[in-house]
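All chains should be modelled from the sequences, with the hints used to inform the complete structure.
From first to last, the protein sequence lines stand for chains A and B. 394 is the number that the numbering used here gives the last residue of the first sequence; the numbers go up by one with no jumps. 124 is the number that the numbering used here gives the last residue of the second sequence; the numbers go up by one with no jumps.
Rather than coming from a laboratory, the hints here were simulated on the basis of the structure. Among the hints, erroneous ones may be present.
Said to hold, decoys possible - Residues of chain B placed beyond 10 Å of chain A at every Cβ, according to the derived structure:
no. : residue
1   : V59
2   : A61
3   : S63
Stated by the list, open to error - Here are the simulated SDA-like cross-link-like pairs (lysine to any residue), alpha carbons at most 25 Å apart as the crow flies:
no. : chain 1 : residue 1 : chain 2 : residue 2
4   : B       : K86       : A       : P48
5   : A       : K64       : A       : P48
6   : B       : K122      : A       : N349
7   : A       : K375      : B       : A78
Here a beta-carbon is modelled for each residue, glycine too, at the ideal position from N, C-alpha and C.
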Amino acid sequence: MTEGRGSGSLDALDKPFCRTAMTATSEETLRRTPLYGLHIALGGKMVPFAGYELPVHYEPGILKEHLHTRAKAGLFDVSHMGQATLAGDDPAAALELLTPADVKGLKDGQQRYALLLNAHGGINDDFMVARLEGENALHLVVNGATKEGDFAYIAEMLRNSAKLTPQPERALLALQGPAAEAVLSRHAPEAAALAFMKIARMNVAGVCAIVSRSGYTGEDGYEISVAAHDAVHVAHAILDEPEVIPIGLGARDSLRLEAGLCLYGHDLDEGTDPVSANLVWSIGKRRRSEGGFLAAEKILGLVANGAKQKRIGILPDGRAPAREGTVIADKSGRHIGRITSGGFGPSANAPVAMGYLDREFSADGTEIDLLIRGKPCPARVAPMPFVPHRYKRS
Amino acid sequence: MSETRFTDQHEWVRVDGDTATVGITKFAAGQLGDVVFVELPEVGRKVGQGGEIAVVESVKAASEVYAPIGGEVSEANAALTEEPAKINSDPEGEGWFFKLHINDAAELGELMTADQYAEFVKNQ
Chain A
1 MTEGRGSGSL
11 DALDKPFCRT
21 AMTATSEETL
31 RRTPLYGLHI
41 ALGGKMVPFA
51 GYELPVHYEP
61 GILKEHLHTR
71 AKAGLFDVSH
81 MGQATLAGDD
91 PAAALELLTP
101 ADVKGLKDGQ
111 QRYALLLNAH
121 GGINDDFMVA
131 RLEGENALHL
141 VVNGATKEGD
151 FAYIAEMLRN
161 SAKLTPQPER
171 ALLALQGPAA
181 EAVLSRHAPE
191 AAALAFMKIA
201 RMNVAGVCAI
211 VSRSGYTGED
221 GYEISVAAHD
231 AVHVAHAILD
241 EPEVIPIGLG
251 ARDSLRLEAG
261 LCLYGHDLDE
271 GTDPVSANLV
281 WSIGKRRRSE
291 GGFLAAEKIL
301 GLVANGAKQK
311 RIGILPDGRA
321 PAREGTVIAD
331 KSGRHIGRIT
341 SGGFGPSANA
351 PVAMGYLDRE
361 FSADGTEIDL
371 LIRGKPCPAR
381 VAPMPFVPHR
391 YKRS
Chain B
1 MSETRFTDQH
11 EWVRVDGDTA
21 TVGITKFAAG
31 QLGDVVFVEL
41 PEVGRKVGQG
51 GEIAVVESVK
61 AASEVYAPIG
71 GEVSEANAAL
81 TEEPAKINSD
91 PEGEGWFFKL
101 HINDAAELGE
111 LMTADQYAEF
121 VKNQ
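Laid out in structure tokens, this is it:
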């Protein structure tokens with residue numbers, strides 16, 4: 001057997017089947033989150049990810065961890081992600097140069113999904129931006145793999161209008177699943193009343209935290225930011241609850257894929273524009289008429305006229321998963337796109353994928369072929385999410 | 001009496017007369033994680049020793065399986081289409097992949113015995 005051809009940074013290494021072995025190169029020193037010791041104690045299979053040693057799964061394995069999250073609740077260590085504050089006279093106005101999201105319109109205690117743009121109208125990262133009640137500075141959470149670059153970029157571009165302060169001394173945990181509210185309210189009574197995409201400071205297990213009702217799984221749940229030195233305590237408190245098990249990166253990826261959520265570096269990159277990416281919903285209504293963000297003319301032109309390709313969901317007809325890089329063809333064999341994320345969806349109990357293809361093929365139900373190991377395998381364009389979202393909207 | 005032999009690619013092969021049964025080892029199945037799909041060869045397919053013959057997929061990744069010895073496929077384990085998880089629950093028994101009419105029994109001599117494989121796995 002060969003190494004598995006897996007997805008992105010969790011790709012296999014030299015040894016057959018042994019895709020969970022460590023591969024730190026001699027130049028690379030992997031960082032550790034505050035929960036590293038806990039992951040080891042819990043039997044986590046550690047892999048390099050975004051420059052950190054993180055668990056790809058624990059003893060149950062990816063399938064069971066995925067299903068448990070949708071059935072009860074799972075706790076994820078996402079401390080590798082980049083947390084920062086943006087301060088100044090008007091940090092929202094400043095940030096609006098770099099994103100088409102409606103940042104100025106963020107209400108007190110509200111969080112929003114946003115795209116970080118480059119000068120060509122491409123996406124440097126996707127991130128969350130939040131305004132805490134009564135506070136002037138904005139809170140940002142960016143992807144782990146891109147955080148150094150993002151922070152340098154934001155700081156440079158906004159050097160005359162705002163001050164970015166990265167917060168490497170903070171940890172981030174995600175508690176996701178239908179039992180998340182019941183679990184977290186035992187340690188943070190205010191958590192139950194927090195609505196979807198709202199954010200607030202509250203005590204969790206007796207320590208100061210910033211809690212948002214959000215996540216990357218499509219389930220109800222929370223993201224909990226605490227000081228790094230409090231992370232182990234909070235993790236233990238939550239893991240002690242009977243409904244909760246720890247979840248690794250493998251299930252995090254299968255959960256977000258079923259939820260139709262993009263993974264930066266795979267479904268989005270610096271060359272992808274927001275229209276091709278099917279993320280026009282993240283462009284604020286006011287921003288569409290006002291512009292005021294990088295490459296606004298180009299992007300708004302694409303909004304008006306459409307882009308050549310579009311990001312869509314794909315369901316293979318058979319049981320074979322179609323992975324990242326798989327070529328998409330029309331029924332005459334002409335190459336029309338490729339898959340950017342794909343695998344097996346444990347809750348869908350079927351292979352699921354997302355990718356880009358020529359816009360004329362993007363309607364739901366369009367029949368396509370996926371070239372898997374040289375053979376055309378029939379599939380169809382399908383709406384996402386593959387598993388319904390269960391966000392707790394007010 | 002049939003003896004099981006092992007490859008350094010973590011396949012096992014059990015020969016009975018001129019028929020060999022092939023699968024992946026317990027170690028490989030453990031490394032792979034939950035199997036969700038397996039692509040088996042068609043009956044009649046001819047393969048040389050070391051040739052790519054099957055694909056096994058977990059949630060996260062696809063892995064190729066190579067023929068431990070050469071021959072012609074005589075049977076594929078149809079049960080795996082419905083229940084790929086058999087590869088995890090019984091990789092060296094009910095999780096067998098396919099059977100071959102073998103070309104040359106001497107090819108077995110190049111493979112590891114159970115003891116040699118156990119030693120090999122310790123160093124993986």
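Here's how the hints hold up against the structure:
Not every Cβ of chain A is farther than 10 Å from the Cβ of V59/B; the closest lies at roughly 5 Å, contradicting the non-interface assignment. A beta-carbon of chain A comes within 10 Å of the beta-carbon of A61/B; the shortest separation is about 3 Å. Look at S63/B: its CB is around 5 Å from the nearest CB on chain A, not clear of 10 Å, so calling it non-interface is violated. Straight-line distance between C-alpha atoms of K86/B and P48/A comes to about 30 Å, which puts the hinted pair past the 25 Å bound.
At most 25 Å may separate the alpha-carbon atoms for a hinted pair to count; K64/A and P48/A meet this at roughly 22 Å. Proposed proximity of K122/B and N349/A is contradicted: the alpha carbons are some 35 Å apart, above 25 Å. As the CA atoms of K375/A and A78/B are separated by approximately 21 Å, the hinted pair is consistent with the 25 Å bound.
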